[in-house]
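Chemist: Once you have looked at the hints, place chain B on chain A.
Top to bottom, those sequences are chains A and B. If you count by the numbering used here, then the first sequence holds residues 1 to 333, one letter each, in order. If you count by the numbering used here, then the second sequence holds residues 1 to 333, one letter each, in order.
Certain hints may be false.
[Said to hold, decoys possible] Here are the simulated DSSO-like cross-link-like pairs (lysine-lysine), alpha carbons at most 27 Å apart as the crow flies:
#, chain 1, residue 1, chain 2, residue 2
1, A, Lys222, A, Lys242
2, A, Lys23, A, Lys74
3, B, Lys282, B, Lys12
4, A, Lys201, B, Lys302
5, A, Lys282, A, Lys201
6, A, Lys222, A, Lys234
7, B, Lys282, A, Lys302
8, B, Lys256, A, Lys256
These are computed hints drawn from the structure, not numbers from a lab.
In case you want the letters, here they are:
Protein chains: 2
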Amino acid sequence: MNFIGIDLGATKIKAGIISENGKIIDKITTDTPAGGEVHAVVNSIGMLVDRLLKTDGITARYIKDIDAEMPDIKGIGIGIPGTCNDEGLVYYAPNLFWNNVSLSELLKEKINIPVFIENDATMAAIGEATCGIAKGVSDCMLITLGTGIGSGIIINNDVYSGSHGIGGEIGHMIVGENFYDCNCGNNGCLETFSSATALIKYTKRLLKDADNNLIYGSRLFKKINGDMDLLDGKLIFDCAKKGDLIAAEAVDRLVKYLAIGIGNIINILDPEMIIIGGGISKAGDYLIDKLNREIPQNIWLKSMNLTKIVRASLGNDAGIIGSAMHAGSKLDI
Amino acid sequence: MNFIGIDLGATKIKAGIISENGKIIDKITTDTPAGGEVHAVVNSIGMLVDRLLKTDGITARYIKDIDAEMPDIKGIGIGIPGTCNDEGLVYYAPNLFWNNVSLSELLKEKINIPVFIENDATMAAIGEATCGIAKGVSDCMLITLGTGIGSGIIINNDVYSGSHGIGGEIGHMIVGENFYDCNCGNNGCLETFSSATALIKYTKRLLKDADNNLIYGSRLFKKINGDMDLLDGKLIFDCAKKGDLIAAEAVDRLVKYLAIGIGNIINILDPEMIIIGGGISKAGDYLIDKLNREIPQNIWLKSMNLTKIVRASLGNDAGIIGSAMHAGSKLDI
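Next comes chain A alone, as it looks inside the complex (with noise of 0.2 Å):
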């Protein structure tokens, strides 16, 4: 039995077919359709799906009239990147521009496979904990550290949401008092202390306060020649590990943001394993072993630093796997 996941993000939409037992059996991606726009999107769903089922030239549209040709999917599973409800209505994309667009209410006109929509950390944590590094765990946390901050939150071996779908954004927790304020409005968001996007403000600032002497040592500043525009997260985690001044004070600032944030939900939620995943994951163990050193120091109770902290397994692959177990969960088979 097999089912589809979809990870549809602000730049590339994924889709695999995905085992029952969590293995890909195929995958593709296109471009998501510029501004998000809702009917382009929603073709390009279709599309993927129609391709992924082999019924290339028959657009997604006379899918619904195929059943004989898709027997083996039971359903579809679709990460989004926002919040959305258990009916696939999403209420807020904020990358997609999307507010109160009805998903499966769309698909269901295009596709007659049942579609599940979840957010995008949720369905990557559902991947991780069914098929990946938090498997067997009953409790956990998938924190994806990326152009923003999002989470996606297991609690009895079950997706937790909240009570309106809108739970799991840690990336607007706050933390402290920062330099600038969070696209959300407010000050102090963890995603603007410990995102990619967060990293290289705080680096900019750095290097345009840094003294000359400092500046002109910098193995940082050199591989940018100077241009601000070319500075991103992994230049800066790879300058930092090669001791880089500047660099690594930014790190360390990245660092000890989230370690709060960490340490508050270990306070709070107290979950078994936390794992870290998104682009800023790749900074790998240097990344992991600096959290596991500052942690601790967060946490009320410290002589119980029971959670772990480890890196997502899955890598890109997360989503489409989540989501497909999603599917399959959603269906209960």
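Modeler: Relative to the frame of chain A, chain B by itself:
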């Protein structure tokens, strides 16, 4: 069918016989033995059970021999001011000076009725969720605002204490930087901003720093006749309600950070209801109204300000009622 609920506090131990519907049949209170000496506390609990069962004159240690006298009590729940596991091992209860106390084991030697132990705020949350303002609410959190700040979490109609029994410690959520450190050793913990202790500390600071005009016009200063040791949370709230500028500034700061803490919880857990209990909740609608004005600013998705903020309804009885209901739930009867 009845249960006994016990609320073990640092200064008082309350105990009651509670019906399966949460009605208080009888209740009594005694002082907590000085210094929280373990065997004295265990004896006091035994004596309270003894007295509730009208076995006066027969010391608690013999209760196990008089089963026939107490056919109606199926279980005993005890809320403790600290963290513990499902086996009744109290890891840490700072105000009793307890570390790793096997409370269930010690009580088994005295009382021949099944005993179930949980954190006191969790027991109060169970009380409100089964018999109080949150009856019928599947996902809620009770926040106790007193000398410290604690919480009890209900998810999917069930207690959630974390993977290791140390969750719900929202008083140690770091929400900013503060002018004094928390007892836990960290700086910026919510309870250093929004507990009664924090309110008193900050008011003292304001009174010390205020100029003479403000001081001598202050109703609060007159009430305490200049003696800072007479400050307490109730007095500060009462004076704030009556327009005292210093008291109002202190209360507003408490509310500002409490609203950040509650906003963080909504962003992470999105509960249906947050119940405000503990001594400070006696400020009533004045506090709840201020919170309801302030919290929406701290929520990520401001258009979905759906979590209800309410005042606890069971008052000081929430602990004994919740403890009894917890025992009933654990016995699955």
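Chemist: Now tell me if each hint is right for this structure.
Modeler: Status of each hint after checking the structure:
As the CA atoms of Lys222 (chain A) and Lys242 (chain A) are separated by approximately 13 Å, the hinted pair is consistent with the 27 Å bound. Between Lys23 (chain A) and Lys74 (chain A) the CA atoms are separated by roughly 15 Å; this keeps the pair inside 27 Å, and the hint holds. About 19 Å separates the Cα atoms of Lys282 (chain B) and Lys12 (chain B), which keeps this hinted pair within 27 Å; it holds. In summary, the hint linking Lys201 (chain A) to Lys302 (chain B) is supported, as the alpha carbons are separated by about 25 Å, within the 27 Å threshold.
For the hint pairing Lys282 (chain A) with Lys201 (chain A), the CA-to-CA distance comes to about 19 Å; that is within 27 Å, so the pair holds. This hinted pair checks out: Lys222 (chain A) and Lys234 (chain A) have alpha carbons roughly 15 Å apart, not beyond 27 Å. Restraint check for Lys282 (chain B) and Lys302 (chain A): the C-alpha separation of about 33 Å exceeds 27 Å, so the hint is violated. As the CA atoms of Lys256 (chain B) and Lys256 (chain A) are separated by approximately 24 Å, the hinted pair is consistent with the 27 Å bound.
Checked against the numbered hints given earlier, the structure breaks only hint 7 and satisfies all the rest.
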